Amino acid sequence: MEEKVDTDSPQAFMEELEKLQERLPQHIDANPQNVEKGLAKLVLTLIELIRQLLEKQAMKRMEAGSLSDDQIENLGMTLMKLEDKMKELQAIFGLEDKDLNINLGPLGDLL
Amino acid sequence: MTALYATYCIIDSDGRVPEGITGLHGGVVWNLPYRGIGVVVSLLAGPVQDIVAGAVQHEAVVEQLMWTHTVLPMRFPTVFVSQEAILGMMSQRYDGFRENLGRLCHQVEFGIRVLWPVANCPAAQFRVQVPHESSGKQYMRERYRQYQCRQVLSEQADQFGRKLDAVLSEFVTAKRLRKTGAGAFAFDGVYLVDWDKGAAFRRAFAEARSCEPDFEYLLSGPWPPYSFVAG
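Listed in order, the protein sequences are those of chains S and W. Take 1 as the starting number for the first sequence in the working numbering and just add one per residue. Take 1 as the starting number for the second sequence in the working numbering and just add one per residue.
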């Protein structure tokens with residue numbers, strides 16, 4: 001039992017593991033320069049969670065056929081605008097999609 | 001400057017550790033005994049500047065000791081200001097350490113990760129962005145298509161995981177499987193395996209891999225039981 005890693009695709013795994021590493025829990029670096037960004041990350045992550053929950057609920061209702069055409073149109077426009085607004089705010093605070101997450105330790109990632 | 005003590009792991013012995021193991025800042029590693037067990041420490045001249053190199057050195061100490069002892073890895077960096085402080089910690093957590101050392105005696109950890117076959121990569125299915133000039137209905141239709149893809153992939157991952165896990169479970173003491181959903185990995189789990197069953201576990205893994213050759217596999221270990229220390 002000496003071999004530590006056995007894979008046919010080291011490059012593919014390196015890439016995926018590097019992505020995971022970017023999501024490792026980080027300390028909150030609260031200083032005057034980045035306190036706004038830290039708060040924005042937290043708030044936008046929570047909004048993104050709510051947006052995803054809304055979208056999931058909408059998908060389930062679409063699947064069940066319980067939405068009328070008008071309701072689908074309205075929901076679609078609402079979710080689309082919400083997504084646009086999120087992108088705008090992310091750009092203002094210099095946040096990428098992968099930044100919007102919170103590591104919950106043994107429970108895994110929030111999103 | 002006052003000396004600090006870097007701690008690496010708890011071991012199931014109050015005796016000496018093998019010579020020649022180097023800790024942080026090149027410090028000599030030794031065992032500080034406490035009621036039949038011990039905590040492996042080294043002197044630290046000051047703060048660790050290079051965090052990545054420090055973490056690697058910390059893990060290297062633990063991984064060398066796993067060949068001769070049952071180890072409970074400590075988080076990097078766990079630093080104390082005196083031996084009295086370390087012994088105070090040992091006194092407070094002694095029962096938990098004993099329980100973990102008993103449960104993890106002669107056990108090592110293996111990690112298994114499996115990537116989807118390239119042709120079935122989930123990322124490829126979600127790549128299409130919804131055009132933003134589209135109507136609400138178009139947006140919802142595209143989202144619904146992606147939602148269905150995720151559902152299918154999640155079910156496929158569950159099925160694949162159940163099959164792989166069934167083959168490996170025969171050789172393991174405990175396991176932790178992470179829900180992969182429709183993410184990059186089709187399977188992601190860690191297994192606690194008795195030292196004596198390590199070779200059989202590897203063989204079972206190799207056989208499972210040959211049955212589903214389109215997926216991409218990574219087996220790592222043996223490691224100290226990082227994922228199975230409780231409390």
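Hint data in this document are derived by calculation from the structure and do not stem from the laboratory. One should not assume that every hint holds.
Some, not all, of what chain S presents toward chain W, calculated at C-beta under 8 Å [to be verified]:
no., residue
1, 5
2, 8
3, 16
4, 82
5, 86
Chain W stretches covered by chain S per the calculated footprint, using a threshold of three residues with CB under 8 Å from any CB of chain S [what the hints assert, rightly or not]:
no., segment
6, 142-152
7, 207-221
Please read all numbers here as calculations on a predicted model, not as lab measurements. Here a beta-carbon is modelled for each residue, glycine too, at the ideal position from N, C-alpha and C.
Here's how the hints hold up against the structure:
A least Cβ separation of about 5 Å between residue 5(S) and chain W falls short of the 8 Å threshold, and the interface hint therefore holds. Because the beta carbon of residue 8(S) sits about 6 Å from the nearest beta carbon in chain W, less than 8 Å, this interface hint is met. Proximity of residue 16(S) to chain W holds as hinted, the smallest CB-CB distance being about 5 Å (cut-off 8 Å). Restraint check, residue 82(S) versus chain W: the minimum CB separation of about 11 Å is more than 8 Å; hint violated.
For residue 86(S), the interface hint is violated, the least distance from its beta-carbon to any beta-carbon of chain W being 13 Å, above 8 Å. Note: the segment 142-152 of chain W has 3 residues with beta-carbon separation from chain S under 8 Å; the three-residue rule is met and the coverage holds. Check on the segment 207-221 of chain W: 6 of its residues sit with their Cβ under 8 Å from a Cβ of chain S, so the three-residue criterion for coverage holds.
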